[in-house]
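Chains as they are written, first to last, in this note's numbering: chain C, 115 to 362; chain W, 454 to 1123.
Everything labelled a hint here was simulated from the structure, so no lab data went into it.
Only a predicted model underlies this, so the values are computations on that prediction, with no experimental measurement involved.
Take the hints with a grain of salt, since some may be wrong.
List of simulated lysine-lysine pairs, BS3-like, C-alpha gap at most 25 Å [said to hold, decoys possible]:
#1 C:K161 with W:K1037
#2 W:K459 with W:K1086
#3 W:K827 with C:K262
#4 W:K635 with C:K319
#5 C:K125 with W:K975
#6 C:K161 with W:K975
#7 W:K985 with C:K161
#8 W:K537 with C:K262
#9 C:K125 with W:K1037
#10 C:K262 with W:K849
#11 W:K819 with W:K764
#12 W:K653 with W:K473
#13 C:K262 with W:K831
#14 W:K985 with W:K1002
#15 W:K1020 with C:K161
#16 C:K161 with W:K986
#17 W:K955 with W:K705
#18 C:K125 with W:K965
What follows is a set of in silico ranges between Cβ atoms, one per label pair, in the way DEER data are often shown [claimed, not checked]:
#19 W:E868 with C:M133: 32 to 40 Å
#20 C:P304 with W:D771: 51 to 59 Å
#21 W:T470 with C:R353: 41 to 49 Å
#22 W:E799 with C:D254: 42 to 50 Å
#23 W:E868 with C:E346: 29 to 37 Å
#24 W:Y591 with C:R353: 24 to 32 Å
#25 C:T118 with W:T810: 30 to 38 Å
#26 W:Y547 with C:A127: 55 to 63 Å
Beta carbons are placed, not taken as given, at the ideal position from N, Cα and C, and that holds for glycine.
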Amino acid sequence: MNLTLKIWRQKNASDKGKMVDYKVTDISEHMSFLEMMDVLNEQLINKGEEPVAFDHDCREGICGMCSMYINGEAHGPDRGVTTCQLHMRMFNDRDTIYIEPFRAAAFPVIKDLVVDRSSFERIQQAGGFISVNTSGNTQDANSIPIAKDAADEAMDAATCIGCGACVATCKNSSAMLFVGAKVSQYALLPQGQVEAADRVLNMVKQMDEEGFGNCTNTGACEIECPKGISLENIARMNREYMKASMKG
Amino acid sequence: MALDSKIPKGPLKDKWTTYKNKIDLVNPANKRLIDVIVVGTGLAGGSASATLAELGYNVKAFCYQDSPRRAHSIAAQGGINAAKNYQGDGDSFYRLFYDTVKGGDYRSREANVYRLAEVSANIIDQCVAQGVPFARDYGGLLDNRSFGGVLVSRTFYAKGQTGQQLLLGAYSAMNRQIARGKIEMFNRHEMLDVVIVDGKARGIIARNLITGEIERHSAHAVVIASGGYGNVYFLSTNAMGSNATAAWKIHKKGAYFANPCYTQIHPTCIPRSGDYQSKLTLMSESLRNDGRIWVPKNMDDVKAIREGRKKPTDLSEDERDYYLERRYPAFGNLVPRDVASRAAKERCDAGYGVNATGEAVYLDFKSAIERYGKEQCKLHGIKNPSKEKITEEGEKIVEAKYGNLFQMYEKIVDENPYKTPMMIYPATHYTMGGVWVDYNLMTTVDGLYCIGEANFSDHGANRLGASALMQGLADGYFVLPYTIGDYLSDDIRTGKISTETKEFDEAEKAVKERLDFFINNKGEHSVDYYHKKLGKIMWEKCGMSRNEKGLKEAMKEIKELREDFWKNVTVPGDLNEMNPELEKAGRVADFLELGELFAKDALDRNESCGGHFREESVELDGLQKGEAKRNDKDYAYVAAWEYKGEPADAVLHKEELEFNDIELKQRSYK
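Isolated chain C (complex conformation):
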């Protein structure tokens, strides 16, 4: 395949940035999207130009590091995948592909396609944990049976990889799917009950302070989420929030 790439280049956070055109040739349909980017970068290095900076690490869809906005979609045209799992067989010879960073006020660009997602870190630090020390004296793991359904639902929420596709795709740049997933995981488990009220209030407060927008139920986040995190998590977070607010 021969392709035209239009890629966002931005030297650093204070640079204005612009789209730049590149050509790549002889791309195999079995390549992953990031392997295609490797080919481009090798080409740029050999020409003495600066390669395109992009975040990536595990390249198997679990670390949540990769974050490209491809042809107007977070993680590109395939469903249920991260950018690193996207394969070139989703494209056609002579296509033009637009590649941009995940855009949101709370995700400032660091360089080219790399964005700063530390706002997600601060939300988790505000309450995304259970306050239990490592003592070796916690009770036996089987002392509290947990219904299989609840455990499975908690697991479904916990599969969130924190990539930020939900934010990038949302017209309001809302982080409610991300925060909803974390709140839900703990809300569904008995271990999470003790701090449930404080947790949801603190995490939502931090989310608002970071400059994420609100949710208007368009559901785009659920469609673009590489891990299929359900909108139900947002509903559950809202219920938890209501419950906690009334208690307060």
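Given chain C, put chain W in place with the hints provided.
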């Protein structure tokens, strides 16, 4: 320097308890005066950071990713072992200890492994308390599966994402401490050297990967938890950024590096498809619980399949060679990883490989789908179910167990593994070798610790499935927090360590000079050009089987490649900005040294043990003909290498391994 493993005296089962009762403690008020640096935030580093901070120490944690949650522990799929005996199938601390020592082909330290087995049960309790959503059965209790090389079900799991869930647990514990200010977190930072003052590790030099700034950080002790060195092969299941730099830098400053030749080549990975390939993807070993491995029996079928004239599903049972079940009837498809990998290589080398490359075997779920389907039909009271109904019900169960893995396979290979067998081939996955540590997890440098995959200690020459997560969390949650206290109890009056000393000046200067060199060299070849060449040498000559001639060639070729690298490498961009190529250059420079020591170690060890298979050392006759032959008389030692300039000049120190509680036997999975 003579190696002192500092194993406590007394009976094996009492060592850890006695040790804990006798060590010096640091009182809570004094812990506030002590700083600890932790490099790496995977299961080992993340759990250690959280626990040390909970205890009251001031922790500075470093990771090169944008969040601790992205460390490559996150990609571990199958599960974590623990001797809980919830299944009542006869498990115990001793059995987990025994299986681990045997699985590691009797090249690990008994005392360390027994301690690991002892604390394993607490890990599960701790993780459940943190809200880790392990799989449960319908009664609400924890479920288990079984893994290669053992005869009990002791593996706890969270779908195919166990590593992710455990790491998120450790990460949540870290977040709690970051919020309290007890952990200062340095994301997007890379450690580029350790600073040693008066023989003790007292800090690190790190580069801020966003601004390029070189920073000095001091502490009373330094903990390296930076993972393994599998990327020395270029292609591996490791993350792209996984590197050996922290471990290698401390080696060059005095920490001995042990058993670098012990590498795990994992049997179930997706085969490579072309030269552009940047990494390999693992399919969890748990698949071998239900998948059966085979190649065609007849060469005609092999050809027909490669040429597309036949499909694997066209072959009848008689035409298939389930070679693991044939060769190892007792363990079948659940033999340990090294055995399964070599058996796949043997079949492919003999010409029976099925991919276009000839480097793939089948992993088939047909029988499992049928078995589960029949069971489900019976459970649901479906009488005389049709074949389609059985398949439908069976596929549902297989999907519930391995759905995410099947989806991952389909996305990469573009084939549906429910309908046609998966293709798999071995790939580099884990490194058992690493920085030498004593029972306290301290390296040969005072105050410098090494935990998790980065150290050498618990898996001997081969790691069993689901034991990496166990070791990482054991080291970080339950071992290091005790052992480091014993050392730090001498430091309560030391006060803050200054970074304005000549030791920091010198370390920083060396780091800066090296970075300057890369930017200014303007050579001909990219960093990847060298990394790929190194990977090819490693895979061909230090891969699944090794021999004297190949290893000698490897040492020579790696040295030449390294010299060429330092002349002709090119790194674009600048120092004072985000520069991924500059990061890679430093890491590959270190791999180019480590690779040579790896080959040297493999050359020294003229025996086959675990993941290290020497063609010169095989059984010549009897039932075990052609199987790996260990040599306990000459090689029952840990090879700890001391840095002396060139890797080829490294000096060998032997830690003789003593086995008092276990009888040394040739492993047999027949």
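Verification of the hints:
With a CA separation close to 19 Å, the supplied pair K161 of chain C and K1037 of chain W stays within the 25 Å bound. For the hint linking K459 of chain W to K1086 of chain W, the alpha-carbon distance of about 23 Å falls within 25 Å, and the restraint holds. Between K827 of chain W and K262 of chain C, the direct Cα distance comes to roughly 23 Å. Compliance with the 25 Å bound is thereby established for this hinted pair. Restraint check for K635 of chain W and K319 of chain C: the C-alpha separation of about 22 Å stays at or below 25 Å, so the hint holds.
In summary, the hint linking K125 of chain C to K975 of chain W is supported, as the alpha carbons are separated by about 21 Å, within the 25 Å threshold. Simply put, K161 of chain C and K975 of chain W have alpha-carbon atoms about 12 Å apart, close enough for the 25 Å limit, and the pair holds. For the proposed pair K985 of chain W and K161 of chain C, the alpha carbon gap of about 19 Å is at most 25 Å, so the pair holds. A threshold of 25 Å between alpha carbons decides the hint, and for K537 of chain W with K262 of chain C the separation of about 20 Å falls inside it, so the pair holds.
Under the criterion of a C-alpha separation no larger than 25 Å, the hint pairing K125 of chain C with K1037 of chain W is consistent with the structure, at around 19 Å. Among the hinted pairs, K262 of chain C with K849 of chain W is consistent with the structure: their alpha-carbon atoms are about 17 Å apart, no more than 25 Å. Of the pairs offered as hints, the one joining K819 of chain W and K764 of chain W holds, with about 14 Å between alpha carbons and a cut-off of 25 Å not exceeded. For the hint linking K653 of chain W to K473 of chain W, the alpha-carbon distance of about 24 Å falls within 25 Å, and the restraint holds.
Between K262 of chain C and K831 of chain W the CA atoms are separated by roughly 22 Å; this keeps the pair inside 25 Å, and the hint holds. A C-alpha spacing of about 22 Å is found between K985 of chain W and K1002 of chain W, which places the hinted pair at or below 25 Å, so the restraint holds. This hinted pair checks out: K1020 of chain W and K161 of chain C have alpha carbons roughly 19 Å apart, not beyond 25 Å. Proposed proximity of K161 of chain C and K986 of chain W is supported: the alpha carbons are some 21 Å apart, at most 25 Å.
Note on K955 of chain W and K705 of chain W: the hinted pairing holds, with a Cα-Cα distance of about 19 Å set against a maximum of 25 Å. For a cut-off of 25 Å, the pair hint linking K125 of chain C to K965 of chain W stands: about 22 Å separates their Cα positions. A hinted range of 32 to 40 Å for the beta carbons of E868 of chain W and M133 of chain C is consistent with their spacing of about 36 Å. Between P304 of chain C and D771 of chain W the Cβ separation comes to about 53 Å, which falls inside the hinted range of 51 to 59 Å.
Under the hint 41 to 49 Å, the C-beta atoms of T470 of chain W and R353 of chain C, about 47 Å apart, fit the expected range. At about 45 Å, the beta-carbon gap between E799 of chain W and D254 of chain C stays in the expected band of 42 to 50 Å. The supplied range of 29 to 37 Å is met by E868 of chain W and E346 of chain C, whose beta-carbon atoms lie about 32 Å from each other. Evaluation of the 24 to 32 Å hint for Y591 of chain W and R353 of chain C yields a pass: the beta carbon distance comes to about 27 Å.
At roughly 31 Å, the beta carbons of T118 of chain C and T810 of chain W sit within the given window of 30 to 38 Å. For Y547 of chain W and A127 of chain C, the Cβ-Cβ distance of about 57 Å falls inside the hinted range of 55 to 63 Å, so the restraint holds.
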